[in-house]
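Okay, here's what each chain looks like letter by letter:
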Amino acid sequence: MPLREPARNSANRASPQQEISMQRLCLSFSMLVFAFGSGGSSLFAQARNQRAALELFEKKIRPALIEHCYECHSVGSDDIGGELLVDSRTALLTGGETGPAIVAGKPRDSILIRAMEYTDLEMPPDEKLPDSVIADFRRWIALGAPDPRVEPKGTDSQNGAAAPSEQTKVDLWSLQSVSDVSPPPVDDHRWPLTDVDRFVLSRLEQQGLQPNRDADPITLVRRVHFDLVGLPPSPQQVAAFVADPAPRHFEQIVDRLLASAQFGERWGRHWLDIARYGESAGSSRDVLMLYAWRYRDYVIEAFNADMPFDRFITEQIAGDLLPAATEEDRYRQTVATGLLAIGSKSLNGGNLKYDVIDDQIDVLSKAMLGLTVSCARCHDHKFDPIPTKDYYSLAGIFLSTETRYGGGTKRPKTAAEKRDLYLTLTGDVDPEVAKQRDEVAKKIVQLEKQINSSKKRVKSLQSKIPEEFHDQPDAEIPAATEPKLAKLIRQYQGSYWVLKRREADHKATIGLLGDEPDYAIGVRDAKKILDANILDRGEQKQPGELAERGFLSALGDSCEVDPIDSSESGRRQLAAWIVHPDNPLTARVAVNRIWQHLMGKGIVSTVDNFGVSGVRPSHPDLLDHLARRFVHEHKWSTKAMIRELVLSRTYRLSSEINTDAYQTDPDNRLRWRMTRRRLEAEPLRDAMLAVSGLLSLGRPSGSLVMAIGEGEVGRNIDTSVLDEPFDHRSVYLPIIRGIIPEQLRLFDFPEPSNVQGARDSNTTPTQSLFLMNARVTIRVAREFAGRLLRDPENYSDDDRIRSAHLLCFSTPPTDAQIQRDRRFIQRMMKRNEDEADHRRLAWTAYCQSLIASAKFRFID
Amino acid sequence: MFLTRRQLLHAATCGFGSLALMEMQNRTLAAPANGLSGQENANLLAPKPPHHSARADSLIFLHMRGGPSAMESYERKPVLDRRAEQQGEKKGRKLTPSHWKWKRRGESGLWVSDLFKHTAAHADELCVLSGMHTDISNHTPAMLQLHTGSFTFTRPSMGSWLLYGLGTENQNLPGFVSISPPVINGGSKNYGSAFLPAVFQGTAIGDIKTPVREAEVGNLANPILSRKDQRRQLDLLQQFNADYAAELAGETSDVDAVIDAYELGFRMQSELPGVMDLSGETQETLDLYGIGEGLPSDNFGRQCLLARRMIEAGVRHVELCDEFWDQHSGLVKGHNARAAATDKPSAGLLTDLRRRGLLDRTLVLWGGEFGRTPDTAKKDLDGRDHNANGYTMWLAGGGVRGGYQHGATDELGYKAVEGRVHLHDLHATILHLMGLDHKRLTHRYAGRDFRLTDVHGRVVDEVFA
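Residue numbers (this note's numbering), protein chains in the order written: chain A, 1 to 860; chain B, 861 to 1325.
The set of hints was computed from the structure by calculation and includes no laboratory data. Among the hints, a few may not be true.
[Unchecked claim] Simulated pairs of lysine to any residue, SDA-like, Cα-Cα distance not exceeding 20 angstroms:
{"hint": "1", "chain 1": "B", "residue 1": "K1088", "chain 2": "A", "residue 2": "R820"}
{"hint": "2", "chain 1": "B", "residue 1": "K1069", "chain 2": "A", "residue 2": "G711"}
{"hint": "3", "chain 1": "B", "residue 1": "K1299", "chain 2": "B", "residue 2": "D941"}
{"hint": "4", "chain 1": "A", "residue 1": "K601", "chain 2": "B", "residue 2": "R915"}
{"hint": "5", "chain 1": "B", "residue 1": "K1088", "chain 2": "A", "residue 2": "R823"}
{"hint": "6", "chain 1": "B", "residue 1": "K1088", "chain 2": "A", "residue 2": "R108"}
{"hint": "7", "chain 1": "B", "residue 1": "K1299", "chain 2": "A", "residue 2": "R823"}
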């Protein structure tokens, strides 16, 4: 019996009844083929078989399941055996700990049968079922195991008598319009603070569960700091809130954090995850994209300015096509289209043009609509109502768009070349001016070469003459000097002047250069506006009929926008369609992401997939309520939405375990507690820098990628600048796809070539080794130690220990802990007393264990 | 050996004599007061049973980067030799004869040229795949496809899939090691885990530009503390963790995982340098691998010996990498140099694995991202270009049929015509030999199940012993 569960950490796994299994959908598909696809004469026979099989299910299978299996294997069971449910077809096909319970059409491969036969498992445990019943199951599975039961909702359909309506393409929940739901009534009127709480509590009460108590003030203030700005609160901020934990004070803290410049750095990074932000081509030839950082800064600023989300989306898709009131607006809107250019691309091989378009469709559909539209590149989407034609309707929009992402494998050298590869944001883009610039630039390069050779000559001559003549180009040469030496000195003096002259020339020429224009990567409408041919299996060699530019047909005409003119790409209309108030996906997807970042897990846990193969929402009404409020009440304000959620009672819940609730809902799907979270790579690194005092809060100008210059990883660039200390916030680390900074890579930084809205949270020994041994960790620990030792407020080692705990954990140490820590430090000092700075060493070792600890890494 | 987390923790803490750790261990071992089992933080790398009984437990890939020539090594082309200097498939290109002498080798009588004299002695172990083909003939995308199955999208590498499916035997060592990988040609993507959890990504030792004797694995030693002091520091750190777990009272699996990961890390930093230290090897062994100051085979010899030591210590998959076999011109000189660097070490590895009884359970794969054309545009006929349509790789050990040549290209060597094995088929076959069904080894990402072989792949069972 294979006991493998080829999934990850059980904590991350959606429970079987939540998943709509792919196998099931493949099955429905194959059943369709089975029923209708195999030629005229047998068609009726097939349909008859199908009906007979369903009849068999109703007469024999369903009663047997209810009688013998439901006690331990249904949603209503107290303790679900082997994590297996048998009360819906999805559950049977998904299976439990030992894998799928049945394989449709293959009774011999079905664990259910083997268990009934008492082959590997023995089920039901009390007594083997009669052979005739097992034979019924075998026959039913052989017939494809048709099963009209949909997933039971909670306990209300545990007798399996649910209506036989299939989840089909047309009624995909996320495509239904967002409903206007009033908050449900609740029994406990005192607990809810907001409508959100009423939705949450109502579900809990239905299950007979109670929400946890509120988190203590220290936990809460720490939580909200990390959630809103990604940095720990200072000990003073913690103390102030502990002294006055009133709701009004909490509200003030929330408002302060929302208004701080660090907010955009935290929430902008969330967006950059789904924008698959990177600063190089990745894939085959990892060519740097020098100006991608402008898009990064744009995102951070947009979040800080609380740009309405619909505007934010619109600018990223069509900023270049929108009217701009000021030059500044035009600049910003152009940079915004960087979203469409920063994707990973295969510059060497493949089908670059269509791959770039595919990447653009992929990012828009997953990030904004929560749909995997790019599945339809080669065939109609297997599960979602997205025909290939729709894909090419969108593809036409991007086929009519010119994407500028900078250099390919050939490095642009001159201003003219750059003008062809980038979007130019400022300055005179007149070709004549550019030509002049190039000539000046050429002269500069030439002068630099000459200066180098002059320097070499001066150096070499200098080594041959007495020291008193060094750097003395005008010194007189005494007549008595030996002629050979005198000649050398004269040569030296001559070369010296040449060098000076060239250096002066160089300086003057650089002055002539003027300011280089600001470049950006992004898009603009192409010269040729085209509809795309539908490509069978994505093959360019087989162009099919033209697909008129447009959007997803599944939404019908619900979101009316301007027609796409033959003179424009249609990006403007696409943006308007996505942010249309009646688009059922955009707001749902957006508020779900916000929820996830605050509560640990989305209402729809597959945050990038609202399609059939995604997981259904845990609180569908709440999701709709939030989506409506986001659009109509908050006018797409992300900050207002965050504020509403953070001020809810649900957000304040403690993360501790409540035995009853845990047994009913271990995954915390119903939100009886706050989900404990691990800090992602960036806030972990930022917190390390912050407690050590190293953190530099200012925004660095540009990116280190600019300092490296045009070129390709591993071929023609010097990346040593990446090894130098970098004390800015992690969002500013360069994301070169082939060289992801170690501290990001080791801590589950998402692969920047893919849209990934939910991060993994793995704990690995390589993370431990990083925190134990990496030079950057030791550096931080050493600075932290220095800060503690220097601080005049610290009168004693006990003060220092207290202060260290407060900085790292926001909680003071107990007396016993202080004593233990002090003993560690004293012993460490003693053992290393031969070392000159043994005190600093001991404190460094101490500080390192604090920042490496689990408590430092988790948000309760 | 299948250790539970608790047994591991127990094994880790015994012998250090730290009272606090004992306390902590007691806490971990004791049943949680509230009777909850918590969400067990499964060790993702723990050995997992295969889909079916495996023929090989570990895999060594001798990666001949750049594309070695088949008609110079394992696929004799008498017609090509006879038609030397005649026009090739296209105008301006001339057919190039083989530049080395050929002999039948071993009992099987496989043809192997003098380019690989040492490996030729193992002809009866080799399962030569001469009908290989792949989709693209540029180095980088071809190399990505070789490692991940895809050259356009970022996908998990084969080694990551192996770890994902099988876990690894030795928890104190990385399960997937790439020795001296190239920085270009896709770089870390070739051993990356893409959307699989990061724990499955390969661990690089050095890079292609650094001789392996100077290569280091990152973060294996604390630069300021002695090992003893670091253990004391770790004890304090584990006390912080234990304090935190005590505060949480109940669900402590996240913290337990951190505690475990530190003990694992600590043991890994003790064990890995030991595995990488070749000083305990006999002179005879060093000679066998061609290791010696100034020898052309020194670097690759060290790589091969490291591979054996790692496989012996329970690493699942080791990849080695040789410098460039990409001779568009200067083929004789270039291929001779590459063979001087790799032939003896590769043969030595096979000998050593065989005599230690490891070869039966270790699959060895040799080859490049593609092969070379039978013709050239060069006047001196001393070069060949990229050929993805037909080339040779070989397998040895782990359940494959030795002394066997599977498949062939046409009489000149342009295209695989018999026993065609696409790269996807090779991946499916390797997974199969390792006990995994390439169709069942899936991972759900972005709404669909992904495989190493995507929607392709056929297990080439003709090559099984």
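Comparing the hints with the structure gives:
no., hint, in the structure
1, B:K1088 / A:R820, "18 angstroms, holds"
2, B:K1069 / A:G711, "19 angstroms, holds"
3, B:K1299 / B:D941, "42 angstroms, violated"
4, A:K601 / B:R915, "42 angstroms, violated"
5, B:K1088 / A:R823, "16 angstroms, holds"
6, B:K1088 / A:R108, "58 angstroms, violated"
7, B:K1299 / A:R823, "58 angstroms, violated"
Violated hints, listed in ascending order, are 3, 4, 6, 7; each of the other numbered hints is respected by the structure.
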